[in-house]
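Chemist: Numbering of the sequence shown is given in UniProt numbering, commencing with residue 1 and proceeding in unit increments.
Errors might be hidden in some of the hints.
Unchecked claim - Below 27 Å or equal to it, Euclidean Cα-Cα: the simulated DSS-like pairs (lysine-lysine) are: (1) LYS142 - LYS88; (2) LYS142 - LYS240; (3) LYS232 - LYS80; (4) LYS142 - LYS80; (5) LYS80 - LYS240.
As the list claims (entries may be wrong) - Ranges between beta-carbon positions, derived for each pair: (6) LEU10 - MET91: 35 to 45 Å; (7) PHE6 - GLY144: 37 to 47 Å; (8) VAL17 - PRO238: 20 to 30 Å; (9) SER83 - PRO238: 19 to 29 Å; (10) ARG79 - PHE4: 40 to 50 Å; (11) ILE244 - ILE119: 29 to 39 Å; (12) LEU15 - PHE225: 19 to 29 Å; (13) GLU9 - GLY55: 18 to 28 Å; (14) PRO178 - GLY144: 17 to 27 Å.
Quick caveat, the hints were computed from the structure, so don't treat them as lab data.
These numbers were taken from a predicted model, which means no experiment stands behind them.
Glycine included, each C-beta is placed from N, C-alpha and C at the ideal position.
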Amino acid sequence: MLSFAFMAELILNPLQVSWSVWFITLACAFIIGFSKSGLKGIGMVTIPVLAIMYGGMISAGILLPFLVFGDLFAVRFYRKNMSWSHVKRLMPFALAGILLAVLVGKMISDDLFRNLMAILVISCLALIIFFDFSGKKPDFSKSGFLSGFTGLSGGFATMIGNAAGPIFDLYLLSMRLPKNSFIGTGAIFFLTLNIIKVPFHFFIWESITLASLQMNFVMVPAVFFGALAGRKVVSYIPEKGFRIFVIAIIALSSVLLLLR
């Protein structure tokens with residue numbers, strides 16, 4: 001007869017990883033929820049952590065359902081602040097980027113792409129900071145080229161490694177949205193993209209398995225409590241402070257992409 005401890009481990013730890021890895025994964029789930037409903041961008045730190053523990057493509061499959069759960073909670077919390085019109089022009093380009101990534105994902109090394117993406121994000125971020133100090137207010141959404149480039153590169157990056165956060169956050173940041181609108185609009189956009197990505201990960205790349213999904217569902221409460229904590233924390237941050245924080249996190253995330 002199977003012992004209770006063995007049965008509990010089969011349920012709680014279906015991937016049979018060490019408990020230290022399990023608890024780090026749980027912490028990553030909490031951080032994802034915290035990021036999605038509060039301090040946007042901080043969830044990027046989970047990408048290199050999970051990649052080190054599980055490997056590149058597998059870690060992307062483990063992370064994706066956490067992102068979907070986090071987006072769902074964020075949409076629930078900020079549904080009155082969402083504006084689909086701010087990002088709808090990105091969607092066709094983002095879908096094209098996802099499909100391109102699906103086609104080449106198992107053949108291409110994404111190291112060079114990540115490095116170029118990080119350099120481009122840092123360059124665009126430097127441009128925004130420059131305009132902030134100069135008093136000018138560029139809006140990337142008003143440029144057809146920048147919108148197309150953002151959507152295509154972001155779609156590719158989100159499929160390859162769930163690493164499009166800095167690109168899309170930078171796009172929204174350039175529009176100078178209030179913090180709640182920034183979070184809500186990003187949430188509905190990412191939720192749409194992340195749900196679209198799930199079948200590709202499951203059926204084509206096989207980076208999502210029934211066992212990894214079981215692990216995701218076991219850790220859903222951590223995402224939920226992270227989302228509650230993030231929503232509470234962001235309510236105390238003034239608009240200007242929130243903008244500075246997002247800029248700092250985008251810069252840090254880009255450096256992590258270079259170092260990953």
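Chemist: Hint by hint, which ones does the structure fall short of?
Modeler: 7, 8 and 11
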